[in-house]
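Protein chains in written order, with our numbering: chain S, 75 to 531; chain E, 75 to 531.
No lab work stands behind these hints: they were computed from the structure.
Incorrect hints may appear among the rest.
It does not matter which identical chain is used: a pair holds within one copy or between any two.
Taking lysine-lysine pairs in the DSSO-like style, the calculated list, with each CA pair at most 30 Å apart, reads [as the list claims (entries may be wrong)]:
{"#": "1", "residue 1": "Lys466", "residue 2": "Lys209"}
{"#": "2", "residue 1": "Lys466", "residue 2": "Lys451"}
{"#": "3", "residue 1": "Lys448", "residue 2": "Lys314"}
{"#": "4", "residue 1": "Lys457", "residue 2": "Lys103"}
{"#": "5", "residue 1": "Lys448", "residue 2": "Lys103"}
{"#": "6", "residue 1": "Lys148", "residue 2": "Lys528"}
{"#": "7", "residue 1": "Lys104", "residue 2": "Lys308"}
{"#": "8", "residue 1": "Lys103", "residue 2": "Lys212"}
{"#": "9", "residue 1": "Lys308", "residue 2": "Lys124"}
{"#": "10", "residue 1": "Lys103", "residue 2": "Lys466"}
{"#": "11", "residue 1": "Lys325", "residue 2": "Lys148"}
{"#": "12", "residue 1": "Lys209", "residue 2": "Lys103"}
{"#": "13", "residue 1": "Lys104", "residue 2": "Lys209"}
{"#": "14", "residue 1": "Lys104", "residue 2": "Lys466"}
{"#": "15", "residue 1": "Lys104", "residue 2": "Lys415"}
Number of protein chains: 2
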Amino acid sequence: MKKVISLLSLIMLTLAQGFGQTDDSLIIKKISDEIFMNGTAYSNLRYLCKKVGPRLSGSTGAESAVEQTARMLKEAGADTVFLQPCMVPHWVRGAKEIGRATLTNKTQINLNIVALGNSVGTPPNGIDAEVVEVKNFKELDALGADKVKGKIVFYNYRMDPRYINTFQAYGDAGAYRGQGPSRAAALGAVGVIVRTLSPVLDDNPHTGATRYEDGKPKIPAVAISTNGAVELSKLIAEGKVKSIYVKTNCKMLEDAPSFNVVGELRGTEYPDEIITVGGHLDSWDLAEGAHDDGTGCVQSIEVLRAMKALGIQPKRTIRAVMFMNEENGLRGGSKYAELAKQENKKFIMGLESDAGGFTPRGFGYSASEAQSAKIEKWQPLFKQYGALEFTKGGGGADIGPLRSLGTALIGLNPDSQRYMDLHHAKTDVFEAVSERELNLGAVVMTAMVYLVSKYGL
Amino acid sequence: MKKVISLLSLIMLTLAQGFGQTDDSLIIKKISDEIFMNGTAYSNLRYLCKKVGPRLSGSTGAESAVEQTARMLKEAGADTVFLQPCMVPHWVRGAKEIGRATLTNKTQINLNIVALGNSVGTPPNGIDAEVVEVKNFKELDALGADKVKGKIVFYNYRMDPRYINTFQAYGDAGAYRGQGPSRAAALGAVGVIVRTLSPVLDDNPHTGATRYEDGKPKIPAVAISTNGAVELSKLIAEGKVKSIYVKTNCKMLEDAPSFNVVGELRGTEYPDEIITVGGHLDSWDLAEGAHDDGTGCVQSIEVLRAMKALGIQPKRTIRAVMFMNEENGLRGGSKYAELAKQENKKFIMGLESDAGGFTPRGFGYSASEAQSAKIEKWQPLFKQYGALEFTKGGGGADIGPLRSLGTALIGLNPDSQRYMDLHHAKTDVFEAVSERELNLGAVVMTAMVYLVSKYGL
């Protein structure tokens, strides 16, 4: 009899789980229909790109972005909207950079460059020096101080097109932008030119943060477009380059006050269990920050809007967060975790969309074994939306600091093929975003948040 | 002992299969590296779009496309390149269409229209008639001949955004473009205006073939842009539209001679087993036919090029085929199957890429149970390239006629989110194609062709 009862309970449990999945599947379809029929992510993104525009930390654009996304969160139906003050680095580019190569035949050619974020500027008259090209750090080290001292180092490392996921290629090549200046400075270089991190050949230099190492001289650092890098390399190989002149006008000002923007839907049963869903509000100054990361912001707002519009009252509290300063300091993400530690609440999950508003392929998660198993059990629900690649590892820069609180971190993984073409470049504009791809990302984010709000994690 | 031997053979077989997969996995990685490092699909596509341009069946563009892709196939290293003559419909648009609504207050507004492919033109002075709007066929039938006779029918059926795969939405809404004219003509209508099949609101009318039903009057048919449809519908609802004037200048000429273009790599062991891989060479006249279907053509050429460049000698014969006339007649596909029947060879598999040059998501196949099982066994090899969605059903219009020969049909399924935005519209240009997405499609196509050439099907 006991066995029969056990068997019966097992059957009932299985049925219940079965019904649960069907039920969830229906609700997720409703979420999808709501977002595709009435979604506001695309129009919010248009506003953020075209009316607000570039919004680097400390800029007036960033200030306006704070106000406007607070408004959008209210319109989406958040129960409360609040700001979290934080101080942010305030780097300014100043006037357009000048780059010129003087050839041995005395002609000059323009170099298509932009200063790297956080870089010091050149002296007012610029720098004029011989150039040494290296393909990688090994070649730099082989040259040694003798051949580098007083020169401009040109890192011509091509982003490796053989990686299928372009974030891997970015991770590989990114060292030259990040560490390149300090490693060259350690050998006495007076400046560096870094080949743009992009898989395509074009005339758009991409900016992005460089990181000076403590104790090393800070030397000016610029990125050159991929076409420009190819051309410069050819001229150098032909022995035609006499010297290079670079003038940049950027500088780091005093830290400025800024904010994370948070919109909350209060949980009905477990209000003290917090689900965070977000993107970062700041963007580089060259473009509209559409894919990086306007899309993550408007998708996170859409999560709240869709749940509210469908009358889904979450059991657990959901916070849509627009993080400030991901690009050159991560102060917003750090502040969010710092404040989280002070609250007497449980931050159970953080979900970030900061890999572009492209068609979603799945999720990557950094979580405990038990949490991971729970997340993986939901995978079938995401299949028909194309977000079926569930992989261990991942999260997001802004939610990263939450990990120390035991929060499960989940990153939305959109298709990566087109991201690096426009990342940190002037081509990262509203027109480069597909409305359907953006919405589909919002659908699977809302579905994930819905599941965690219902079942916990 | 017998048992031990059986067990031993089983282990060895498993090992061999294991090695087989590893081996194949390594070769597919080589294919991927080759295509991402040295691929010519993107430059071939640039040529096809920018130098050849639109190439509707019977046009000089189509003639030039035949010559140029024959050249590309030779350059890719095909053992032989040959043409298959076929007669094709020759429809011409003539001068730009005129569409105008006269309002009750006597003002006129322009309608953003294009003639549908295969449509008859209006009389030289155009047609001027009252308009009736219907949302669907049900509404048309409810109106009946009394209210339709002598009028222009405006089909304002919105492409349903709730379908995740946009081809399903296209299949659903496509009936209005295909059957709309004859169904309206049967009730006495003098012309039809069909809302553009696109999920986005913009000013680009999309063309595409309509099909007149035998025995029904052939009346002029045009597509109106989605923005135009919304505006017109609003004016009609407000009772402001007095009449509509449409003038089109298109006509169907006599059939014209044309060709399929075939490039062959001869199989070393089973030369009489033929693998077909292709796309269609013709394209609508409004754009460059980049995604529809320049990408399928250059990817098919790339399959041959990559195999040749890597020195892979296929056991079975591979034919890369540029099919003519998919858009408004399917004469090339029919001719290819007709000639295949006459050859004393076995056409084991056809693979078509005709859903855009977007990031590949997987394959759909129409094949026997045994063939399907074999294909599905290869799925793990495609995972790291993101083409992991293997689904039953699918193929391609041009390879469809091969099915009667028992050929397994496989369709490449790229991500569908952006396709319908530009399908058959002037925005289907080279710039809308991502080099990496195009190449990744070519990688998985080459991998599939390689596996079938090695193992048969």
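Results for each hint:
no.	hint	result
1	Lys466 with Lys209	neither (33 Å within a copy, 47 Å between copies)
2	Lys466 with Lys451	both (13 Å within a copy, 24 Å between copies)
3	Lys448 with Lys314	neither (62 Å within a copy, 58 Å between copies)
4	Lys457 with Lys103	both (12 Å within a copy, 26 Å between copies)
5	Lys448 with Lys103	within (21 Å within a copy, 33 Å between copies)
6	Lys148 with Lys528	within (23 Å within a copy, 60 Å between copies)
7	Lys104 with Lys308	between (57 Å within a copy, 28 Å between copies)
8	Lys103 with Lys212	between (53 Å within a copy, 27 Å between copies)
9	Lys308 with Lys124	between (39 Å within a copy, 28 Å between copies)
10	Lys103 with Lys466	both (26 Å within a copy, 23 Å between copies)
11	Lys325 with Lys148	neither (36 Å within a copy, 56 Å between copies)
12	Lys209 with Lys103	between (50 Å within a copy, 24 Å between copies)
13	Lys104 with Lys209	between (52 Å within a copy, 24 Å between copies)
14	Lys104 with Lys466	both (28 Å within a copy, 26 Å between copies)
15	Lys104 with Lys415	neither (35 Å within a copy, 49 Å between copies)
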